Amino acid sequence: MSFLVDNFTLLRDGFLTTLSLALLSGLLALLLGTVLAAMRVSPVLALRGLATFYVEAFRNTPLTVIFFFLVFGIVYIDLQFPTKFVAAVAALSLYTAAFVCEAVRSGINSVSTGQAEAARALGLDFRQSLTTIVLPQAFRTVIPPLGNVWIALAKNTSIAAGFAVTDLTAVLSRLANANGDQILAVFAAVVAAYLIITLSSAWGFSVLERKLAIVR
Amino acid sequence: MTDVQTGDPLVRLSGVNKWFGSLHVLQDVDLTIDRGEVVVVIGPSGSGKSTLCRTINRLESIEQGEITIDGVKLPEEGKALAALRSDVGMVFQSFNLFAHKTILENVTLGPVKVRGKSKAEAEKRARELLDRVGVGHQADKVPAQLSGGQQQRVAIARALAMDPKVMLFDEPTSALDPEMINEVLEVMVSLARDGMTMVVVTHEMGFARRAANRVVFMDAGRIVEASDPETFFTAPSSDRAKDFLSKILNH
Ligand SMILES: Nc1ncnc2c1ncn2[C@@H]1O[C@H](COP(=O)(O)OP(=O)(O)O)[C@@H](O)[C@H]1O
Ligand SMILES: [Mg+2]
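Chains as they are written, first to last, in UniProt numbering: chain A, 1 to 216; chain B, 1 to 251.
Pulled from the structure, derived: some chain A residues nowhere near chain B, Cβ distances all over 12 Å:
#, residue
1, Leu4
2, Leu23
3, Asn60
4, Tyr76
5, Glu102
DSBU-like mimics (lysine-lysine), calculated; alpha carbons at most 30 Å apart, straight line:
#, chain 1, residue 1, chain 2, residue 2
6, B, Lys141, A, Lys211
7, B, Lys101, A, Lys211
8, B, Lys73, B, Lys117
9, A, Lys211, B, Lys119
Source of the hints: derived by calculation from the structure; they are not laboratory data. None of the values given here were measured: they were computed from a predicted structure. For each residue, glycine too, the CB sits at the ideal point set by N, CA and C.
Make the full structure from the sequences, and use the hints.
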């Protein structure tokens, strides 16, 4: 126990890094994914095509490869992210946005076409009917799948450990290497820290789902 | 009522043709609706009545022909089309009230978002309209808490809130339990009396007799005949209309 107390600062910083990676990437992925979903249902063929290409490209590429590209690959085209942390956020959000897009799109498709038709018949344009009528109803139905995307993202942050970001997983490997005799305590502490993030958000998502349910 | 062609055309369809893939749903449709006129569209299921209705606000596009409203050709897309739609009210068979909004919000949404009215102004007018259709006391509920008849009357109020030039009704009472049909028809009859221009797809002969200036009979994508309601129901000229009427009268 005293071992964990001694390394509390390290564990706490790792936890906060993991948490901020997940929160920042989650927020950006939610924004980008929603825009992509709107593109995928838009009447403009070019936008639909672009969004479809994006989703297929990022959904079918291993996240580690995306990390590699954003950390090392872009150096060859004279680009570089200011820090490894920023590169990790970029990789995680670009990747996760593809999954958010598909979840939101399935939500959009679950809203009956009559809702959008009624909106258009009133004179709302595509953007207005999407933002005021379709998306608010779509989001309510996609809270459970978005919850799954979020939990996957929280765990995927651990890939950043391989790219010089000191997150929970990086702390785990550092402590485990230095203290072989304490390995079980180290694992228990790190797993508990991940569980704090995933379990509390699973609970949060189910509260949100109940709060926002529409009477039909 | 007699055929009061005022000679002041508001909606004009000329040479309209539409296909769904290889299905020729609208065939050489010509129809002119005058200001203040009430036209009932009747015909067998699948004859193209809904499609005809939906081309008038371009929820369905057409491949050939021209549709004008108040002398303006229907824009193909974008802001101009949205603006035109705001002048054409539509009432759907399945009501299509916005499920996540209250009754009041359903009626204020268009005026606020499209017409740029203030919230207070839109609410005042919405409450008047909801009172007019008899659901004023339900303003703060959500659609699912209302009966079908009440929902459809809200849908009419929602369309009226835009002060439309013409209103389209696509089988507004077909999804209703029999005891709720009249409360909706009464609202529609009173609209007709007040001079609203209306296109109504319905098989309610009582409504046609009380409120329509003209009955248009469609079959297989064509307008087969058009006459005043009395003539149509008592002495239809086409065999297809006779056949159709004998079926709906006997059921
Ligand atoms: N979106 C669509 N795609 C393909 N076929 C359609 C579509 N909508 C309607 N149809 C077909 O067009 C014909 C006319 O339909 P509709 O206008 O709904 O007839 P009605 O309202 O008179 O029953 C029917 O055969 C119907 O199956
Ligand atoms: Mg129909």
